[in-house]
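Asker: Keeping their order, the protein sequence lines are chains A and B. Taking my numbering, the leading residue of the first sequence gets 1, the next gets one more, and so forth. Taking my numbering, the leading residue of the second sequence gets 1001, the next gets one more, and so forth.
Treat the hints with care, since some could be wrong.
As the list claims (entries may be wrong) - No more than 20 angstroms apart at the CA atoms, straight line, and that leaves these computed lysine-lysine pairs for PhoX-like:
| hint | chain 1 | residue 1 | chain 2 | residue 2 |
| --- | --- | --- | --- | --- |
| 1 | B | K1121 | A | K165 |
| 2 | A | K58 | A | K118 |
| 3 | B | K1128 | B | K1144 |
| 4 | A | K58 | B | K1006 |
| 5 | A | K58 | A | K123 |
| 6 | A | K123 | A | K7 |
What the hints assert, rightly or not - Here are the computed distance ranges between Cβ atoms for each label pair:
| hint | chain 1 | residue 1 | chain 2 | residue 2 | range |
| --- | --- | --- | --- | --- | --- |
| 7 | B | G1151 | A | L101 | 40 to 46 angstroms |
| 8 | A | P97 | B | G1151 | 33 to 39 angstroms |
| 9 | A | S93 | B | D1054 | 26 to 32 angstroms |
| 10 | A | V19 | B | D1070 | 57 to 63 angstroms |
| 11 | B | M1024 | A | P173 | 34 to 40 angstroms |
| 12 | B | Q1154 | A | S93 | 26 to 32 angstroms |
| 13 | B | G1085 | A | M22 | 27 to 33 angstroms |
| 14 | A | G96 | B | E1043 | 18 to 24 angstroms |
| 15 | A | M22 | B | R1058 | 47 to 53 angstroms |
| 16 | B | G1158 | A | A114 | 41 to 47 angstroms |
| 17 | B | L1016 | A | A114 | 24 to 30 angstroms |
| 18 | B | T1059 | A | M22 | 42 to 48 angstroms |
Bear in mind the hints are in silico, worked out from the structure with no lab data behind them. Given the structure is predicted, the values throughout are model-derived calculations rather than measurements. Yeah, the Cβ is synthetic: ideal placement off N, Cα and C, and Gly gets one too.
What follows is the residue order along each chain.
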Amino acid sequence: MIKEFVKGIWKENPVFVQVLGMCPTLAVTTSLINGLSMGLATTFVLVSSGLAISALRKLIPDQVRIASFMIIISSSVTVVKLLFEAHIPEISSQLGPYLPLIVTNCIILGRQEAFSSKQPVGKTLLDNLGMGIGFIFALVVLGSVRELFYQGTIGGAQVLGTWYKSMIIMVQPAGAFISLSLLVALFQRLSESE
Amino acid sequence: MNRIVKMILTLTLLGLISGIALSMVSNYTDPLIEQNQQEALREAVFYVLQPTEDYEERTVDGKVIYESYDESGELVGYSFTASGGGYQGTIELIVGVGTELEEIKGIQILASEETPGLGGKIRGESFKSQFRGLEAGQGIGLVKSEEPERGEIQAITGATISSRAVVDIINKELSRVRSILPEGE
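Taking the hints into account, I'd like the entire structure generated from these sequences.
Answerer: Written out as structure tokens, the structure reads:
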């Protein structure tokens, strides 16, 4: 059982190993807090829709399963979007269109098709939670690295001295690709040496 | 036949349930979201025109104008929202002007999608503070590297298009407001 939970965090990490969900990964990780809030929102959608799909898996006919998954996933995304706008408007405006775009995140549909629609509720909860935490982990690491090299801070706290000259490329798309590819390489190196 | 009925029934039920659930969530969040937007606008009105103690909303020719009053109830100026195209997407801002509609008292960016670190700096204090007490009788000018003179704004390095967009949006809306608000009323 514990295997289902842990695999998403390291061995099958959705970003570093499966290379899924690249759109939010590259687009919103300009700072730690943005990465973290995107990760939390995605995990909420992943877990809540996974539970619903797993519970309904025997009732949903095979021919309309993707359509049914989409109804469940998009409802769950809309709930997250409304709650973000109501309670944390600053973060919601930072994430902009990427919040509703969680609907198209392939980690979510991928997990539901590969796992939740075939497995009991308990296992699904562990699997989806693990994958979600793996996604949060990747986004937080990437967000911290980009924020650090952009303006010398992590999570808003000054890490490098005031001598650090800000590196604008790090918050632009090119910086996202460069940091992500270096992190994936590092991740591979670490996994190999295990 | 049986299979088709089952498919239709599944999708209908799922749609119905998610519709009901979403309308319940939206009933709860809508007033909060509305309140957040009002709050943001309210703060902006106080920010662009200091010292505002109280303000009134007035609609002139379909344009919403906020009339600001200081503590003694004296009219200190007007503020109004304006929007237009930036470098990426729309910039929405609010401008505060003196009672003569000649001097800009301050601006605040309400929404923008400019490049973070470059055009995004239009939200920064060092750019916005240039507008405090800016003479705008002849429209605002924009300079790139030279020192800004009276009625001029220095563009953000590497973000001339975003800076120009802000200036153009203000100039355009200010002249529109001038035409609908009788000066020195």
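Asker: Take the hints in turn and mark each one as holding or not.
Answerer: Structure-based check of each hint:
1. K1121(B) with K165(A): holds (16 angstroms)
2. K58(A) with K118(A): This hinted pair holds, its Cα atoms lying about 9 angstroms apart.
3. K1128(B) with K1144(B): Within the cut-off at roughly 16 angstroms; holds.
4. K58(A) with K1006(B): holds (12 angstroms)
5. K58(A) with K123(A): This hinted pair holds, its Cα atoms lying about 16 angstroms apart.
6. K123(A) with K7(A): Holds - the C-alpha atoms of K7(A) and K123(A) are around 12 angstroms apart, at most 20 angstroms.
7. G1151(B) with L101(A): 40 to 46 angstroms: holds (42 angstroms)
8. P97(A) with G1151(B): 33 to 39 angstroms: holds (37 angstroms)
9. S93(A) with D1054(B): 26 to 32 angstroms: holds (27 angstroms)
10. V19(A) with D1070(B): 57 to 63 angstroms: holds (59 angstroms)
11. M1024(B) with P173(A): 34 to 40 angstroms: Cβ of M1024(B) to Cβ of P173(A): about 39 angstroms, so the range 34 to 40 angstroms holds.
12. Q1154(B) with S93(A): 26 to 32 angstroms: holds (27 angstroms)
13. G1085(B) with M22(A): 27 to 33 angstroms: holds (29 angstroms)
14. G96(A) with E1043(B): 18 to 24 angstroms: holds (20 angstroms)
15. M22(A) with R1058(B): 47 to 53 angstroms: holds (49 angstroms)
16. G1158(B) with A114(A): 41 to 47 angstroms: Holds: the Cβ-Cβ distance is about 45 angstroms, inside 41 to 47 angstroms.
17. L1016(B) with A114(A): 24 to 30 angstroms: holds (28 angstroms)
18. T1059(B) with M22(A): 42 to 48 angstroms: holds (47 angstroms)
No hint from the list above goes unmet by this structure.
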